[in-house]
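Undergrad: Spelled out from the first residue to the last, the chains are:
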Amino acid sequence: MTVSLRIFFIGGLTAYRGLINWLSPWIFIPSLIVAPIFQILLFVYIGRTAGVGSDEFFVIGNAIQYASIPCIFSMTHAIAGERYQQTLAYILVSPAGRLPLFLGRALPVILNAMFVAAFSLLVAGLIMRIDVPLPTWPAIALVIFISTFSCTGLGLVTAAIGLRVRETAVLNNILFGLLLIFTGANVPLDELPGWMAAIGDRVPLTHGIEAARQVADGAGVGDVGGLLASEFAIGVVYTFVGYQLLRLMERESRKRASLQVA
Amino acid sequence: MSVVRILWAGWKFHVKSLTLSGFFLLTSVIQPIIFASVAYFMFRAGARPGTLLYVALGAGMMGIWSSTLFGSGGAIQWQRWQGTLEYCIAVPPPFLLVTIPLTLATATIGLYSLCATLLWGWLFFDVPFNLAHPIQFAIAVPATVIGLGMLGLVLASTFVLYRNANALSNLLEFPIWLATGLLVSLSFLPAWVGPISWVLAPTWGINALREAGIGGSAWVEIGMCLLLGLVYLVIGHFALKHFERLARERATLTLT
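So the protein sequences, as listed, match chains L and W.
First residue of the first sequence? That's 1 in my numbering, and the numbers climb one at a time after it.
First residue of the second sequence? That's 1 in my numbering, and the numbers climb one at a time after it.
Any given hint might turn out to be false.
[As the list claims (entries may be wrong)] Here are the simulated SDA-like pairs of lysine to any residue, each with C-alpha atoms no more than 25 Å apart in a straight line: (1) W:K16 with L:L171; (2) W:K16 with L:A169; (3) W:K241 with W:Q77.
Derived from the structure by calculation, the hints contain no laboratory data.
Assemble the whole structure, with the sequences as input and the hints as a guide.
TA: Rendered as structure tokens:
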């Protein structure tokens, strides 16, 4: 038990620090501090130009949607990055339990994504003069936590795919773009065609974004309980699928001797 | 004549080379389509729908900027990583002539974006593709590519001083989309953004494409694109000279 906890917490943090070069302030600040704020501003002004939505709609939607960058990219790299470092074989040959080994890497990803989303929301909110009352912040923090957990589940899926395909950056960029459409961050789901709205209901962040908007408008945690439960359930499903996919890829890599093929 | 041959051969080579890159195809085709789709839905839902051709051209231009930014911003760094920078500098033609085709090619690759967003809009969003002034449009496109390509030269020669050029590119993607009014009316932005937008070729490029495509006269905008291109060329020339001198003095040409 102690060993599993050590692998989960210490191993996860060590792997995260070793593999994610974004932690350098020279990359972190432009990519994860400044860029999300400009994404938010871009969509706020597109919204004003098109005469659709309120500033608050775009600020909250994009702040939480941008968490998908650290969630998906970091999670993918925290596992698939081992292949590029030629260390994957050593990790997989170890007797370490796979559950703490893989999921432990998700924890720092979630914390980082939470920071990115909350900081973007705070700063863009101040710039655009969005009134998010101070007492609502604990509830928003909870919403952000559940949303980032859910999206990190999707990151686990892409991490597993990253054990087989080479262009993970391309794949992740596509997913980021699709989340921009399907999560309702910029276009309300009822404005999308039915099939797109149906997909939107089944991807991470959609329910979290909606919950955050309602909380900012004064709803309590209890009022958005259903949305949070849906978001959490989606996260559990993606995490389960991602974990199973990782095990499958591990078995296949052993079978085909393709473990270190980068 | 040899100058033209160097530019032509270099441009052809780099266009082919970039076309084989999955990352560039993504930046050039899929990403603009995604942003165009979001914008189409937003403008459809909005109280001021405007013309969807406005959106299609703006989203296409976003792709041209992205491919120029990421392609040119990391151009010299990539040559370093591939071990070809020494050869590019040691060959008899000036380094400027070796770099220009590359930065022009990155802007040219962005034309995939324009085609992709126009086709996407026509197929799925009923965006009409009736150009008001086809000849002006046909001139505005290469003028825009030249303007952005030369801006790429400035990026290439200055970003090289920053070790994490890719992060700098990430930083500059959204702000330029915003400040140059690709999908946003500049009248909504604070007044101080105006002068910034005037010195950026994408502003004039998109205005030229819109004037030629939707209605109006694009000649002033085309002229501004070419004029700015000339200014960027001068800046890029001196910046490249500075980089080359520093790299030779400090023996850092091959250091990654």
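Undergrad: Hint by hint, note whether the structure agrees.
TA: Each hint, compared with the structure:
1. W:K16 with L:L171: 22 Å, holds
2. W:K16 with L:A169: Given that 25 Å is the threshold and the Cα spacing comes to 21 Å, the pair holds.
3. W:K241 with W:Q77: Holds - the C-alpha atoms of Q77 of chain W and K241 of chain W are around 16 Å apart, at most 25 Å.
When each numbered hint is compared with the structure, no violation occurs for any of them.
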